[in-house]
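Colleague: Sequence:
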Amino acid sequence: MTSQSSSEIILYQSPDGSTHLEVSLHEDTIWLAQSQLAELFDVNVPAISKHVRNILGSGELDALATVSKMERVQIEGDRKVKRSQIFYNLDMIISVGYRVNSAKATSFRIWATQVLRDHIVKGYTVNEQRLRGEDAKLQAMRQTVELLARTLTNQELVSDTGRDVLRVIADYAYALTLLDRYDHGTLTIEGITQKTLYVIQYEEAIGIVTSMKVEFDGLFGLEKDQGFKSALGAIYQTFGGEELYPSVEEKGANLLYFVVKNHAFSDGNKRIAAALFIYFLGMNGLLYRPDGSKRLADNALVALTLLIAESRPEEKETIVKVIVNLINQKN
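Residue numbers (numbering that gives the first Met the number 0): 0 to 330.
Some hints here could point you the wrong way.
Stated by the list, open to error - Keeping only pairs whose Cα atoms sit at most 20 Å apart, straight-line, the calculated EDC-like set for lysine to aspartate or glutamate is: (1) Lys212 <-> Asp266; (2) Lys194 <-> Glu241; (3) Lys81 <-> Asp266; (4) Lys81 <-> Glu241.
Said to hold, decoys possible - Here are the in silico distance ranges between beta carbons for each label pair: (5) Phe215 <-> Gly56: 52 to 58 Å; (6) Val301 <-> Leu63: 43 to 49 Å; (7) Glu309 <-> Asn43: 33 to 39 Å.
No wet-lab data here; the hints were simulated from the structure. The model shown is predicted, which means the values in this text are computed figures rather than measured ones. Heads up, the beta-carbon is just placed ideally off N, CA and C, and yes, glycines get one too.
Kindly produce the complete structure, drawing on both the sequences and the hints.
Modeller: Here's what the structure looks like:
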C-alpha cells in the first residue's frame with residue numbers, strides 16, 4: 000500500500016475480554032496483521048496463510064485490494080525495530096474468519112461495521128463552509144478579548160482588580176477556543192513538536208513501573224501479557240512509510256491512551272500510564288512551559304486519565320486531540 004492518507008489505531012476487545020487488538024483504520028477500512036488474525040481467530044499463522052492462498056487462488060478476493068505490507072515497530076529486547084508485516088483488510092479478515100471460526104468472525108464483523116459507520120458519518124457529515132465560518136468568528140472573538148484586555152491594562156483604564164479579571168479572561172481565551180472547537184467538532188492537532196528528542200524503551204519503562212511498586216501493594220505492575228510492549232511500540236508505528244503519530248505530543252497522548260486501555264497490568268494501569276506520560280513529556284522537554292510552570296496541572300492529568308478509562312473506542316480520536324491541545328506549544 001503506497002497511500003499516504005491518514006491512519007489511526009482503534010482498540011478492539013472481544014466480547015469475553017480475552018482478546019485485545021490494536022486495529023489499523025486506513026482508507027475507510029479495517030486492517031489486521033497476519034499474527035493479529037491468528038490471535039483473533041485462535042489459530043496459528045500458517046493456517047491463516049493457507050486460507051488466504053485459497054481465497055486468492057479461487058478468485059474470491061483480489062490481492063491488490065485486500066493484502067498490504069506495512070512497517071510496524073516491535074520491541075525486541077531493549078530495542079525498537081521496524082519490521083515489514085503483511086496486513087489484510089476487513090474483506091479478507093471476514094472471509095478467513097468464516098472458514099476458521101464463524102462465531103468470532105461474526106462478532107468482529109459487527110464491531111468493525113459499527114466502527115466504520117461511525118468513521119464515515121463523522122467524515123462526511125461535516126459542513127466545511129460552516130466550520131470555517133465558525134472558526135473565523137471564534138478567532139475574531141478571541142483576538143478581540145485579548146486586544147481589549149491589553150488595551151485597558153496598558154492605558155490604565157481599569158482598577159487593579161479589574162486588571163486581574165481581564166488578565167484571567169485573556170489567559171483562558173485559549174481554553175474557550177478549545178471548548179468551542181470541541182462542541183463544533185472542529186478540534187484539530189496544531190502547535191506540535193515534530194522533532195523527537197527521546198524514544199522510550201521497554202526496559203526503561205518497566206524499570207519505572209518496578210520503582211513504583213514500593214509505594215503500592217499487591218498485584219500492582221504485574222504484567223498479564225504483551226500489551227505494555229505493544230503500547231510502547233504502537234506510538235512509533237508507521238503506515239505507508241509515514242509515522243502514524245509524527246509529533247511528540249501525539250506520541251505522548253497515544254502513550255497515555257494505550258497504556259490505560261490495553262490493561263496490560265493486573266493492577267495500576269491508570270497510575271502507570273499517567274507516570275509514563277509525565278516521564279515521556281519531561282524527557283522530550285514538554286512538561287514545563289518556558290516560564291517553568293506545568294503545561295498540564297495535576298488534577299487535569301487525573302481527569303484525562305479517568306476520561307480515557309471510561310471512554311468508548313470510537314471516542315479515541317477526540318480524546319487524543321484534546322490531550323494534544325493541552326500539552327502543545329500554544330498552551
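Colleague: Now, for every hint given, state plainly whether the structure supports it.
Modeller: Here is what the structure says about each hint:
With a CA separation close to 11 Å, the supplied pair lysine 212 and aspartate 266 stays within the 20 Å bound. At most 20 Å may separate the alpha-carbon atoms for a hinted pair to count; lysine 194 and glutamate 241 meet this at roughly 14 Å. Between lysine 81 and aspartate 266 the CA atoms are separated by roughly 30 Å; this puts the pair beyond 20 Å, and the hint is violated. At roughly 12 Å between alpha-carbon atoms, lysine 81 and glutamate 241 fall within 20 Å of each other, so this suggested pair holds.
At roughly 54 Å, the beta carbons of phenylalanine 215 and glycine 56 sit within the given window of 52 to 58 Å. With their beta carbons about 48 Å apart, valine 301 and leucine 63 fall inside the hinted range of 43 to 49 Å. Judged by the Cβ atoms, the range 33 to 39 Å given for glutamate 309 and asparagine 43 holds: they are separated by roughly 36 Å.
Checked against the numbered hints listed earlier, the structure breaks hint 3 alone; every other hint is satisfied.
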